[in-house]
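In this note's numbering, the protein residues as written are 1 to 260.
Treat the hints as calculated values from the structure; they're not laboratory data. Note that the Cβ used here is the ideal one computed from N, Cα and C, for glycine as well. Hints may contain errors.
Said to hold, decoys possible - Derived CB-CB ranges, DEER-like:
{"no.": "1", "residue 1": "Gly144", "residue 2": "Ala184", "range": "54 to 60 Å"}
{"no.": "2", "residue 1": "Val206", "residue 2": "His51", "range": "50 to 56 Å"}
{"no.": "3", "residue 1": "Gly122", "residue 2": "Ser197", "range": "35 to 41 Å"}
Claimed, not checked - In silico DSBU-like pairs for lysine-lysine, Cα to Cα no more than 35 Å straight-line:
{"no.": "4", "residue 1": "Lys143", "residue 2": "Lys153"}
{"no.": "5", "residue 1": "Lys153", "residue 2": "Lys219"}
{"no.": "6", "residue 1": "Lys153", "residue 2": "Lys193"}
{"no.": "7", "residue 1": "Lys219", "residue 2": "Lys193"}
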Amino acid sequence: MTSLATTPTTKRELAESGLLEQPILATQPKPLHILVPSRSARFRSSDVVPHVWAGPLPTSECFRRLAPHVYVATVEFCFLLLASYLPQWRLIAFGYELCGGYYLLPDQGHKGTDRQDPDADGFDYCVPVTDVGRLRAFVERCKGMPGYTQASKALDWVLEGSRSPRETALTMLLCLPAALGGYALPLPYLNRKVNLSPRGTRLAGVDWLIPDLCWPDFKVVSNTTATSTTQGTRNVASAQPCAPRPLKPAAGVSSQSHRT
């Protein structure tokens with residue numbers, strides 16, 4: 001799909017398309033946001049908010065087909081679209097969520113649900129839906145499109161591997177530049193295995209740790225809660241569902257497991 005020319009342009013056409021009855025969308029919070037090809041095609045209802053995207057789409061990878069004539073925006077395209085509306089720090093936080101092991105729950109209905117961590121109110125765990133490389137590759141194919149500049153700058157500060165909004169907030173606070181409200185520390189690894197030295201193993205009683213944040217060159221780790229460090233000798237794959245990307249050279253760390 002490379003054009004919005006066949007997008008439903010009236011409330012009746014939208015109803016006939018079957019979009020609002022799709023199970024994956026019918027249960028989501030309202031309203032539903034859609035793209036239309038022109039201002040004259042805009043209409044508003046309690047269920048739908050239209051947004052204008054004039055001209056061709058930047059790439060055929062903007063949408064995934066749900067049903068005949070029904071398409072949903074990919075997460076990469078959502079990131080680009082939101083770049084025009086969100087403040088930079090919120091766009092960065094959204095990138096952490098897309099590339100991390102959690103997702104935010106709706107404001108209503110999540111109280112008291114049976115989640116892995118009942119204290120982690122407002123989010124639940126999942127596998128990452130994309131990664132920084134895929135986001136950046138998509139954005140680079142959209143040069144000149146609305147949101148390109150904001151999205152490209154935001155991705156300089158997005159890391160993979162966060163497993164909670166609290167980890168994301170701490171990392172952003174410590175590492176974003178002062179202009180974005182941070183302390184400009186080097187970028188860490190998130191939830192990366194750290195092999196302990198023989199002395200460290202004797203002191204800790206375990207072979208390795210998976211701290212929330214790790215700066216191996218400085219031999220510094222940080223956790224957002226006192227009990228959140230994964231430790232022991234069990235399989236790393238079961239403890240670390242998100243594989244962090246290699247950091248850019250300015251961060252001063254390698255992409256291997258580290259001993260400290």
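Consistency of the hints with the structure:
no.: 1; hint: Gly144 - Ala184: 54 to 60 Å; in the structure: violated, 30 Å
no.: 2; hint: Val206 - His51: 50 to 56 Å; in the structure: holds, 51 Å
no.: 3; hint: Gly122 - Ser197: 35 to 41 Å; in the structure: holds, 38 Å
no.: 4; hint: Lys143 - Lys153; in the structure: holds, 13 Å
no.: 5; hint: Lys153 - Lys219; in the structure: holds, 29 Å
no.: 6; hint: Lys153 - Lys193; in the structure: holds, 28 Å
no.: 7; hint: Lys219 - Lys193; in the structure: holds, 13 Å
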